[in-house]
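Please take these sequences and the hints and turn them into a complete structure.
Protein chains in written order, with our numbering: chain A, 58 to 156; chain B, 20 to 508.
Please keep in mind that the hints were generated in silico from the structure rather than gathered at the bench.
Note that CB positions come from ideal geometry on N, CA and C, so glycine has one too.
Be a bit skeptical, because a hint or two may be false.
What the hints assert, rightly or not - Under 7 Å between C-beta atoms, here's a sample of chain B residues computed to sit facing chain A: (1) 159; (2) 371; (3) 382; (4) 383; (5) 406.
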Amino acid sequence: MAKVLTPADVARVAALAHLELTEEETAVFTRQLDAILAYADDVRQIDTTGVPPTSHVLPRQSRERADEVQPSLPPGEALANAPDPAPSAGLFKVPRVLG
Amino acid sequence: MSAPDTAATLRDAVVSGARSAEEVCREALDRLERLDPALHAFNTVTAERALAGARDLDRRRAASPRALDSLPLAGVPVAVKDNLCTRGVRTTASSRILEHYVPPYDATIVTRLEGAGALIVGKTNCDEFAMGSSNENSAFGPVHNPWDRTRTPGGSSGGSAAAVAAGITPVAIGSDTGGSIRQPAALCGITGLKPSYGRVSRYGLIAFASSLDQIGPFARTAADAARLLDVMAGEDPRDATTAALPAPALQGALTGDVRGMRIGVPRRLLDQGLDPEVREAFLAALDVLRGRGTTLVDVELPRARYAIPVYYLVATAEASSNLARYDGVRYGFRAPGTSDTDLRTMYCRTRDLGFGPEVKRRIILGTYVLSAGYYDAYYLKAQQVRTLIRQDYDDAFTRTDVVALPTSPVPAFRLGERVDDPLQMYLNDVFTVSANLTGLPAISVPCGFTRGRLPIGLQLTGPGFDEAAILRVADAYERETGWWKEVPE
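Structure, rendered in structure tokens:
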């Protein structure tokens, strides 16, 4: 089975997913994910011409509900699990975005 | 150990006043304290919450002897998987990234269980974010199988299964995305039910793959599973994917009479890596069902053999999207020393240190199959084959009432035996993932033991929203056999 996945692919996809992998992790994942994709190759051979995709199995698409105000979390509770909250400002703090 | 009480027995004793809820609760907590060091089934014990609930029940009954009559789970100790939110109680999904997360709200099923009188004694260990079939992906270490502590209890809801199998609680709650209730139920020798997609509210369930995830019960008997599902099921304004259907009243379905029911057997699927002892037990179970007056029918599910690759393409794609929320900002872990770096470094280091290897593997696979150039070849294709698998089941249910298969192709394997080969691990789910892809209800019931005394499970899948059919067959099978009464040493 030809390799479909290279370490460069894994590194690129990891960057898209905001994961910082070590070289060792990249090597192991490349080997393991390549085997999984090779196993999935059978699926690609099935003729699915004209078959609609299933994204979910719900019997109906959507519903409406009355537009009523419901209680929401107090700001203190919403911030309680934050690693770096700014409670007096009612904000979540993040590292600088602009240089 | 003698056979533990069922939820029904305990509830009736508490409602009648024969036993106090506090006494029942303390006994469960004592068993937990005594047995869990060797099992590691619990991440967090919620003794105070359970005892407060028990005392409240006892006070209500003291004030009015009929006060608990309407509560189907009065005084029943229950263990809840640690990916279901509990207000004020740490909820980790067995991940470092949520190790200290304390939800500000209860999952809907937690509210419903407690409203029915259940006492939550703890949060159970599981594979990280419910991703795994052996419990070895828990950031806090694996659960041990009560039948053989060197072996896996199955996964991902291994802690809930082990808690019931060991007799700590009569019932427990798990979630099932590709078999995570049914497979550990089979490997631990108890009953586990994945309801139809849309049957149970998932508000407060930490999401893994949103088109596949369902919440369901573990129990010793089909009757207890029905009792729990009757409480858990129903429309919830907080979960738009719940079906607007009347309460199923499943306990009434357990008549013991299955005469004339047709049991579909997809024999061609049995070549898929099936252990000979599991095959033997499965075929013997079919004979028992025939003896109760059912008819065995051959069914073809020609596309079901693609279920594993389809599942791992769909589930990982959804997981990569769902787990994007863990970014070290609003809740959860943030990598030390990254608050003074830049945003991207903080994100990437937080996620690298916060997630375990299996979760990263699935995020990468899911991101890959959704990425430009691969979407049509993998993700869209998998969604199309998913349609074909559902068509196969719809076709089968024109000729049969339930479909029978083994739950797991193998009995409990040794901890550590399969950790280096993710593909081999994924093949454990060969018979369970179809129910998630199709949204159909499925149950695993104990159907025997290997010569080495490891439990084996029989899986029954029913038409959409026909939990009554699979529970009726499971209950009839139980009445004819004694496997469900067996308990580990």
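Taking the hints in turn, this is what the structure says about them:
| no. | hint | verdict |
| --- | --- | --- |
| 1 | 159 | violated (19 Å) |
| 2 | 371 | holds (4 Å) |
| 3 | 382 | holds (5 Å) |
| 4 | 383 | holds (5 Å) |
| 5 | 406 | holds (5 Å) |
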